[in-house]
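There are 2 protein chains.
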Amino acid sequence: MSIRIGIYGYGNLGRGIENAIRQNSDMTLAAVFTRRDPATLSIGSAGVPVCHVSEAEQWVGKIDVMILCGGSATDLPEQTPALAKQFCVVDSFDTHARIPEHFAKVNASAIKAETTALISAGWDPGMFSLNRLYAGAILPDGKTYTFWGKGVSQGHSDAIRRIEGVKNAKQYTIPVEAALDAVRSGSCPELTTRQKHTRECFVVAKEDADLSRIEREIKEMPNYFADYDTTVHFITEEELIRDHSGIPHGGFVIHTGKTGKDLEHNHVIEYRLKLDSNPEFTASVIVAYARAVARMHAEGICGCKTVLDVPPAYLSPMSHEELIASLL
Amino acid sequence: MSIRIGIYGYGNLGRGIENAIRQNSDMTLAAVFTRRDPATLSIGSAGVPVCHVSEAEQWVGKIDVMILCGGSATDLPEQTPALAKQFCVVDSFDTHARIPEHFAKVNASAIKAETTALISAGWDPGMFSLNRLYAGAILPDGKTYTFWGKGVSQGHSDAIRRIEGVKNAKQYTIPVEAALDAVRSGSCPELTTRQKHTRECFVVAKEDADLSRIEREIKEMPNYFADYDTTVHFITEEELIRDHSGIPHGGFVIHTGKTGKDLEHNHVIEYRLKLDSNPEFTASVIVAYARAVARMHAEGICGCKTVLDVPPAYLSPMSHEELIASLL
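The listed protein sequences correspond, in order, to chains U and S. Quick note: to get the working numbering, add 392 to the position in the first sequence (first position is 1). Quick note: to get the working numbering, add 392 to the position in the second sequence (first position is 1).
Source of the hints: derived by calculation from the structure; they are not laboratory data. Incorrect hints may have been included.
[Claimed, not checked] Which bits of chain S does chain U cover? Going by a derived footprint, with three or more residues having C-beta under 8 Å, they are: (1) 441-451; (2) 477-485; (3) 490-498; (4) 697-706.
[As the list claims (entries may be wrong)] Computed cross-link-like contacts, SDA-like style, restricted to lysine to any residue with a CA-CA straight-line distance of at most 20 Å: (5) S/K666 <-> U/L655; (6) U/K666 <-> S/R407; (7) U/K650 <-> S/R407; (8) S/K653 <-> S/D533; (9) S/K666 <-> U/G436; (10) S/K650 <-> U/G436.
Where a beta carbon is used, it is the ideal one built from N, C-alpha and C, also for glycine.
Using the sequences plus the hints, can you model the full thing?
Structure below.
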């Protein structure tokens with residue numbers, strides 16, 4: 393029987409989920425929920441109902457897993473614990489520092505309602521977290537490094553757009569090759585923020601804007617840019633649309649560790665993602681975990697889970713026999 | 393309480409397990425079991441009993457997990473199902489084609505005896521299997537490639553040593569850079585055996601041996617070398633010892649896949665291992681899974697498992713709270 397998915401929030405991530413469902417033959421999109429007027433929303437899946445979020449309750453029993461596609465700042469802290477009272481849910485909550493608190497709230501809801509929830513699915517948190525865990529457990533005498541990019545940081549792009557005189561902007565986070573190489577060498581370097589990543593900004597300025605002031609304001613912006621080597625390029629709106637419309641991202645988790653009688657042997661574990669579309673890849677991870685959630689729920693496993701808690705086999709539509717015969 | 397480990401078989405892998413246990417403060421080595429005369433065996437851990445394999449039965453209740461360090465050809469197919477009747481066990485059975493059969497036998501023993509077994513731990517099968525599973529589940533419209541090396545293949549080195557006139561030999565399997573790049577490009581190339589790996593052989597010949605015959609015999613050896621571009625270097629015994637005494641290995645699992653409305657976006661997931669010591673890294677993986685086995689057994693989970701079945705969090709000595717706060 394097909395796993396019936398609800399999409400709660402229809403932005404970049406929601407559209408990614410919609411596309412990913414089509415790539416998984418054991419799933420169907422049951423409904424899309426929006427805070428907007430449903431009549432104004434045109435989705436990519438013919439015949440699928442678009443409902444207002446206030447109607448969600450009527451879908452209890454008709455949706456196996458509700459995928460929450462809101463933002464981590466204000467949407468998910470409210471929505472995930474609330475929806476977990478009625479549905480099995482998956483979200484991509486990515487405010488690392490607040491994950492324990494979010495976990496506790498969602499877990500309380502899910503245990504009480506006997507639903508199954510999975511929070512913080514995606515690639516970081518998500519696949520990167522898994523790789524940090526596996527590598528650290530295997531090589532305890534070692535050190536894990538995470539690098540992000542090359543990719544577009546939405547938060548940093550937004551910060552530039554808020555500067556007076558800026559019409560539009562895209563910011564790329566770029567890992568420093570020399571830092572990657574130093575890490576891979578097994579020397580366990582201590583790296584500063586500046587040594588790990590650079591930031592490259594493509595800015596469309598308003599007519600007559602003071603470019604040197606804009607550049608200075610970007611480079612001196614605390615937290616966002618001041619601790620990094622930042623490059624600013626002023627380009628036209630046409631160039632921005634032509635060359636910087638994508639949402640690529642990715643990164644590296646590299647763990648080096650030592651083994652042997654005198655810790656004389658060095659090992660490097662490296663996990664790399666190179667993604668053309670950040671939201672679509674995140675959506676693909678979420679959809680695989682939605683399968684796991686449906687399966688765990690069918691087995692009577694309730695409460696809040698994370699990617700760290702899910703047996704890998706639960707992500708695959710293949711049977712256990714197929715998995716051990718073909719992948720192990 | 394410390395997890396009490398037994399090592400069953402004391403070769404390269406057994407010694408690796410012994411070292412890895414010292415790197416994990418929640419484990420102790422309880423005893424080493426050997427088929428040799430225990431009096432002749434000198435191990436690296438002072439005060440740890442060395443016992444004959446026939447004495448294993450007396451250790452029931454004093455060992456939490458028995459780690460089997462025998463070979464996959466003849467040892468493990470007998471030993472793992474037999475030992476699983478009395479102990480929780482972990483092995484590194486790596487004959488891919490016979491894993492389903494091995495799984496069934498070990499599972500039958502473990503279910504009957506209410507023990508917990510985990511087979512085929514290591515890096516391939518093992519960490520590579522996990523990465524094949526995760527990547528394929530996340531990006532179903534894609535293709536997974538596995539490359540091995542640069543590293544020493546024991547089987548191929550042995551095959552060379554059996555040639556008339558060969559005194560000693562080491563064989564390296566090397567992935568072809570152009571093939572790695574073609575895979576990373578997302579073009580999903582069809583690659584022949586020859587296109588994926590080359591083989592490099594360092595051979596010490598006996599005095600007066602016919603070098604050109606040896607080289608020809610190596611290069612024409614069916615299954616082992618005939619399908620590969622093979623290079624043969626004749627060196628002295630001193631050079632072999634000086635430059636080729638290590639047992640490095642590693643490799644790559646690369647999966648590329650597409651997402652989007654028209655599958656217009658490409659993604660690359662790459663997992664790489666670069667290992668100074670193949671047996672020590674394998675041992676490190678096994679020891680982490682021994683922890684998982686002890687934990688699953690304490691929770692009443694019995695039967696045969698594989699790396700695909702184990703929740704990642706079970707590998708770590710950290711609490712769930714620590715894990716989600718620090719790694720997620």
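Comparing the hints with the structure gives:
Counting residues of the stretch 441-451 of chain S whose C-beta sits closer than 8 Å to any C-beta of chain U gives 0, which falls short of three, so the coverage hint is violated. Interface restraint, the stretch 477-485 of chain S with chain U: violated (0 residues with C-beta to C-beta distance below 8 Å; minimum three). Beta-carbon proximity to chain U at under 8 Å applies to 3 residues in the stretch 490-498 of chain S; the threshold of 3 is reached and the given coverage holds. Requiring three or more residues with a Cβ within less than 8 Å of a Cβ of chain U, the coverage given for the stretch 697-706 of chain S holds, as 8 such residues are present.
With a CA separation close to 16 Å, the supplied pair S/K666 and U/L655 stays within the 20 Å bound. Straight-line distance between C-alpha atoms of U/K666 and S/R407 comes to about 38 Å, which puts the hinted pair past the 20 Å bound. Of the pairs offered as hints, the one joining U/K650 and S/R407 holds, with about 15 Å between alpha carbons and a cut-off of 20 Å not exceeded. For the proposed pair S/K653 and S/D533, the alpha carbon gap of about 13 Å is at most 20 Å, so the pair holds.
A hinted pair counts as satisfied when its Cα atoms are at most 20 Å apart, and S/K666 with U/G436 does not qualify at roughly 44 Å. Restraint check for S/K650 and U/G436: satisfied, since their Cα atoms lie roughly 18 Å apart, inside the 20 Å limit.
When each numbered hint is compared with the structure, violations occur for hints 1, 2, 6 and 9.
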